[in-house]
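Colleague: So for the sequence shown, this note's numbering puts the first residue at 33; every next one is plus one.
To be clear, the hints were calculated from the coordinates, so they are not data collected in a lab. Check each hint, because a few of them may be wrong.
Stated by the list, open to error - Label pairs and their in silico Cβ distance ranges:
id, residue 1, residue 2, range
1, Ser308, Thr83, 28 to 34 Å
2, Tyr275, Leu114, 30 to 36 Å
3, Asp311, Pro160, 28 to 34 Å
4, Thr263, Leu114, 19 to 25 Å
5, Thr229, Asn145, 41 to 47 Å
6, Ser95, Ser171, 27 to 33 Å
7, His198, Glu254, 17 to 23 Å
8, Ala307, Lys181, 35 to 41 Å
9, Gln289, Asp236, 39 to 45 Å
10, Glu254, Ser308, 24 to 30 Å
11, Pro249, Asp81, 47 to 53 Å
12, Pro249, Gly182, 36 to 42 Å
13, Ser299, Lys181, 24 to 30 Å
14, Gly250, Asp174, 32 to 38 Å
Claimed, not checked - Derived pair list, reagent style BS3-like, types lysine-lysine, alpha-carbon separation capped at 30 Å:
id, residue 1, residue 2
15, Lys262, Lys314
16, Lys125, Lys184
17, Lys144, Lys301
18, Lys251, Lys262
19, Lys262, Lys301
20, Lys181, Lys251
Just so you know, these numbers come straight off a predicted model, no measurement behind them. The C-beta atom is built at its ideal place from N, Cα and C for all residues, glycine as well.
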Amino acid sequence: MKNFSRKYFASILLLTGVITIQSLTGFSNNINSSFSIKYDISDAIVHSDITPSSAVGDTTVSSLVSGSNPSAVYYYDEIPTLAQNDLLYQYFKNSVIVGDSIGAGWGIQCIKNSTDPVMGNFQSLAFPGFCVHSAFDASIEDAGTPMYKGAKRPVWESLQLMAAEHPGETTHIYLHFGYKDQQWKDTPELYVQLIQTLQQYVPDSDITIIGASYMYPGKNGEPYTSANIKTLDLAMQNYANAYGWGFVNVGDLLADQNGDLNPAYCSDKFMHLNASGYDIWKKALIGYALARMTAAGII
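With the sequences and hints as input, model every part of the structure.
Modeller: Written out as structure tokens, the structure is:
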């Protein structure tokens, strides 16, 4: 992760948001309840060397953006311009989703949209059943260890092989875990350990955590509840802020007014997402990318 010196900062920059964030007064029934904001950031990076790719993991950008939007809800509902698409392509180049069945669903959607400047840049190390704990203990039932090039390996070894395919270029790691790990109390701490292990094997990398989405209404049963997922998301958001990682809160974007998964975004009346749900993912990631590049002085 790179952190550019504050001597390169401008004094004051009012960033007029092209992004919208969800109201914190309650969960929305739909995205129309979100509202426009302005980012009032006291400093903006203007270092000539910062690029869209380096803006993904820059720790000072992380601090500026998270401090300006404590909810971590981002959403961009406009059609990106050609110039924005070019920047988004550079920002998401060499991205990989590491995660569970919901992360694997994102990987499938990315294959279906291979020409998209965001989705077309993603590879996948996600698989149904995979979780933070099974990353360290493959003997866990339905461990779901992802395969890469026809073989199951520890995910950090697969990631290392994947990164070797683009030497000299940063690997952007996106993680999504939540459902299966609710049965253990040490999940946040082990999640951090997993992230640190991934970065140990791939030093030229950065981290963005995608907050997990919630349970379908009526499907809550201890320990698998929307409330427990929300607690995990908040813990990981705090860790992300502490370590300078990125965090995108898609859980609240996908939630109904009661804090469960909005049925409009669910494919199985349980917890998995349909194409509309993954469209929310994409718009959230675009919103977050544009916020980071704006804070970095790129746009």
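Colleague: Each hint needs a verdict: does it hold in this structure or not?
Modeller: Taking the hints in turn, this is what the structure says about them:
1. Judged by the Cβ atoms, the range 28 to 34 Å given for Ser308 and Thr83 holds: they are separated by roughly 33 Å.
2. Taking 30 to 36 Å as the suggested C-beta distance range, the pair Tyr275 and Leu114 conforms, at roughly 35 Å.
3. Checked against the given bound of 28 to 34 Å, the beta carbons of Asp311 and Pro160, roughly 21 Å apart, lie outside it.
4. One distance hint, 19 to 25 Å for the beta-carbon pair Thr263 and Leu114, is violated here, with the actual separation near 42 Å.
5. For Thr229 and Asn145, the Cβ-Cβ distance of about 30 Å falls outside the hinted range of 41 to 47 Å, so the restraint is violated.
6. Between Ser95 and Ser171 the beta carbons are some 39 Å apart, a value that contradicts the proposed interval 27 to 33 Å.
7. Range check, His198 to Glu254: about 43 Å between beta-carbon atoms, so the 17 to 23 Å window is missed.
8. Taking the beta carbon of each, Ala307 and Lys181 are about 28 Å apart, not inside 35 to 41 Å as hinted.
9. The supplied range of 39 to 45 Å is met by Gln289 and Asp236, whose beta-carbon atoms lie about 43 Å from each other.
10. Take Glu254 and Ser308: their Cβ atoms lie about 29 Å apart, and the range 24 to 30 Å holds.
11. Our hint of 47 to 53 Å for Pro249 and Asp81 holds, since their Cβ atoms are close to 49 Å apart.
12. For the pair Pro249 and Gly182, the supplied restraint of 36 to 42 Å holds, since their beta-carbon distance comes to about 40 Å.
13. Checked against the hint of 24 to 30 Å, the C-beta distance between Ser299 and Lys181 comes to roughly 29 Å, which is consistent with it.
14. Taking the beta carbon of each, Gly250 and Asp174 are about 24 Å apart, not inside 32 to 38 Å as hinted.
15. Between Lys262 and Lys314, the direct Cα distance comes to roughly 20 Å. Compliance with the 30 Å bound is thereby established for this hinted pair.
16. Between Lys125 and Lys184, the direct Cα distance comes to roughly 25 Å. Compliance with the 30 Å bound is thereby established for this hinted pair.
17. About 23 Å separates the Cα atoms of Lys144 and Lys301, which keeps this hinted pair within 30 Å; it holds.
18. Distance hint between Lys251 and Lys262 is fulfilled; the C-alpha atoms sit about 15 Å from each other, no more than 30 Å.
19. Taken as a hint, the Lys262 and Lys301 pair is honoured in the structure, with Cα atoms around 19 Å apart against an allowance of 30 Å.
20. For a cut-off of 30 Å, the pair hint linking Lys181 to Lys251 is broken: about 36 Å separates their Cα positions.
The structure is inconsistent with the numbered hints 3, 4, 5, 6, 7, 8, 14 and 20, although it conforms to all the rest.
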